[in-house]
Amino acid sequence: MPGLFIDVKVSDKAAKDAAVVAKLEEVCPVDIFVQEESGALRIVEENLDECVLCDLCMSAAPSNSVEIVKLYE
Amino acid sequence: MRFYEYESKALFARHGLPLGQSGVADSAVHARDIAHRIGSPVVLKSQVLSGGRMKAGAVKFADTPDEAAQIYDEIFPIIVGGQKARSILVEEKSPIAQEYYAGVTWDGRRKLPVLIFSDMGGIDIEEVAEQHPDHVSKTHFSTLLPVTPRIAKEAIAATGVTGAALNKLTPIVSKLIDIFLAYDLTLAEINPLVRLEDGRFVVLDGHVDMEAEARDQHAKLLAELGIGPEETRQARPPTDFEIRGAEVDASDHRGVAGNVVEFDGDLGLIIGAGGGSLTLFDAVRSQGGRPANYCEIGGNPSVKKACELTKLVLSKPGVEKIAVMMNVVSNTRVDIVARGVIKGCIESGKDPSETIAIFRIPGAWEEEGFKILAKHKVDYCDRSVSMYDAAGRAVAKMKAA
Numbered sequence: 398m399p400g401l402f403i404d405v406k407v408s409d410k411a412a413k414d415a416a417v418v419a420k421l422e423e424v425c426p427v428d429i430f431v432q433e434e435s436g437a438l439r440i441v442e443e444n445l446d447e448c449v450l451c452d453l454c455m456s457a458a459p460s461n462s463v464e465i466v467k468l469y470e
Numbered sequence: 157m158r159f160y161e162y163e164s165k166a167l168f169a170r171h172g173l174p175l176g177q178s179g180v181a182d183s184a185v186h187a188r189d190i191a192h193r194i195g196s197p198v199v200l201k202s203q204v205l206s207g208g209r210m211k212a213g214a215v216k217f218a219d220t221p222d223e224a225a226q227i228y229d230e231i232f233p234i235i236v237g238g239q240k241a242r243s244i245l246v247e248e249k250s251p252i253a254q255e256y257y258a259g260v261t262w263d264g265r266r267k268l269p270v271l272i273f274s275d276m277g278g279i280d281i282e283e284v285a286e287q288h289p290d291h292v293s294k295t296h297f298s299t300l301l302p303v304t305p306r307i308a309k310e311a312i313a314a315t316g317v318t319g320a321a322l323n324k325l326t327p328i329v330s331k332l333i334d335i336f337l338a339y340d341l342t343l344a345e346i347n348p349l350v351r352l353e354d355g356r357f358v359v360l361d362g363h364v365d366m367e368a369e370a371r372d373q374h375a376k377l378l379a380e381l382g383i384g385p386e387e388t389r390q391a392r393p394p395t396d397f398e399i400r401g402a403e404v405d406a407s408d409h410r411g412v413a414g415n416v417v418e419f420d421g422d423l424g425l426i427i428g429a430g431g432g433s434l435t436l437f438d439a440v441r442s443q444g445g446r447p448a449n450y451c452e453i454g455g456n457p458s459v460k461k462a463c464e465l466t467k468l469v470l471s472k473p474g475v476e477k478i479a480v481m482m483n484v485v486s487n488t489r490v491d492i493v494a495r496g497v498i499k500g501c502i503e504s505g506k507d508p509s510e511t512i513a514i515f516r517i518p519g520a521w522e523e524e525g526f527k528i529l530a531k532h533k534v535d536y537c538d539r540s541v542s543m544y545d546a547a548g549r550a551v552a553k554m555k556a557a
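Here the protein sequences line up with chains L and E, keeping their order.
If you count by the numbering used here, then the first sequence holds residues 398 to 470, one letter each, in order.
If you count by the numbering used here, then the second sequence holds residues 157 to 557, one letter each, in order.
Think of the hints as simulated: they come from the structure by calculation, not from any bench.
For every residue, glycine included, the Cβ atom is placed at its ideal position computed from N, Cα and C.
Be careful, since some hints might not be right.
Here are the in silico distance ranges between beta carbons for each label pair [said to hold, decoys possible]:
#, chain 1, residue 1, chain 2, residue 2, range
1, L, Ser-435, E, Ala-338, 58 to 64 Å
2, E, Ala-406, L, Pro-459, 56 to 62 Å
3, L, Leu-453, E, Gly-208, 56 to 62 Å
4, L, Leu-453, E, Ser-298, 53 to 59 Å
5, L, Leu-453, E, Pro-385, 52 to 58 Å
6, E, Arg-266, L, Pro-459, 58 to 64 Å
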């Protein structure tokens, strides 16, 4: 189920970069990002609305590769 | 958490307070044996957590062990204040010359503990304070400074007690203060504390209430007194609604969203923050509202936790609207709570704009929260609207519906 308040967009390039994905999983305090065994990124949709807008994911990934979308704006 | 009288006395005994001979009986035969051991007339007292034992006939005297056994059978079945007796305390009957009252509790207004003493014990202290105020002293003391017997002595002397009585009462009352502080009590009370005809001073009846949050800290004491962790000692067993509220709170370590108490009103409450729950609950009632529940939310709970609490409150039959109100928040985020309650409404199949009568949570991230509320057309206000007025707005909507 997608978020009611928050959506997250990750560029294809970042989503396929195992190192970036590992970093995303590490920094997110509410477990929105998970690295599958294959190294690929999976977004945990049920945690999207828990996003605390800390921007750590955007800092961890290459510039403009992660976008947090506030669905209420 | 209230202690039974025999548990209170066991605690007092550990600290050397003077007590009469006694024993806790769980059968008529046992009552007879205890009376025989004491070897003098006894008093039998039903062990319940409510007052009014004497009026209910659950306190009686016996001159012989056989009579004690007979009285055990008479008073054990008596229901006092809706409670069955846990056991019967059999205690030596004491020839009383004078009764006193000593109690230590918290003064919420002064934010200090207060020692209350009276030379007119044995009756309701509020009644004495009203009718004989010169016989009651109230002495506040600090928990930061050393507690000395002087505090007790001055409190006792303030009621006109002097001489040998003052000297004998002082260490007893001083120990009561020590017990109050040592075990995180909310009440330590002796009523009556008596002077016997032979000049001895004895604790005849006592009550102790421990802060429920302090149970873990005093687990060893409670275990030694035989108070199990399963004993809630609440006025009534928790309802299904309250049990589910506790489950919501336990489901996630982040923040608090639970501690619900069920009431029979129709306005659901999501309330909290720095004493806000009690204040807001009272505000709703004083505005003529009928709360469906009490609850506590704070410490920045997750969206899911706030959502689940909202769903729980809205699951109560007859609850169509909720008021989401808090004191000014600092670590709890307005936007996170806003997301939770709106989501809770939607997952309950309700329109947030119709269901949330008022959202009044000012503080951290409020601008972000207000954007969310505006998007979902929820009526909200900031700190320029008092908690009392916010409650009034919610109640007005209930009455208009």
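Going through the hints against the structure:
1. L/Ser-435 to E/Ala-338: 58 to 64 Å: The hinted range 58 to 64 Å holds for L/Ser-435 and E/Ala-338, with Cβ atoms some 60 Å apart.
2. E/Ala-406 to L/Pro-459: 56 to 62 Å: Violated, since E/Ala-406 and L/Pro-459 (Cβ atoms, about 40 Å apart) do not stay within the stated range.
3. L/Leu-453 to E/Gly-208: 56 to 62 Å: holds (60 Å)
4. L/Leu-453 to E/Ser-298: 53 to 59 Å: violated (45 Å)
5. L/Leu-453 to E/Pro-385: 52 to 58 Å: At 40 Å between Cβs, range violated.
6. E/Arg-266 to L/Pro-459: 58 to 64 Å: holds (59 Å)
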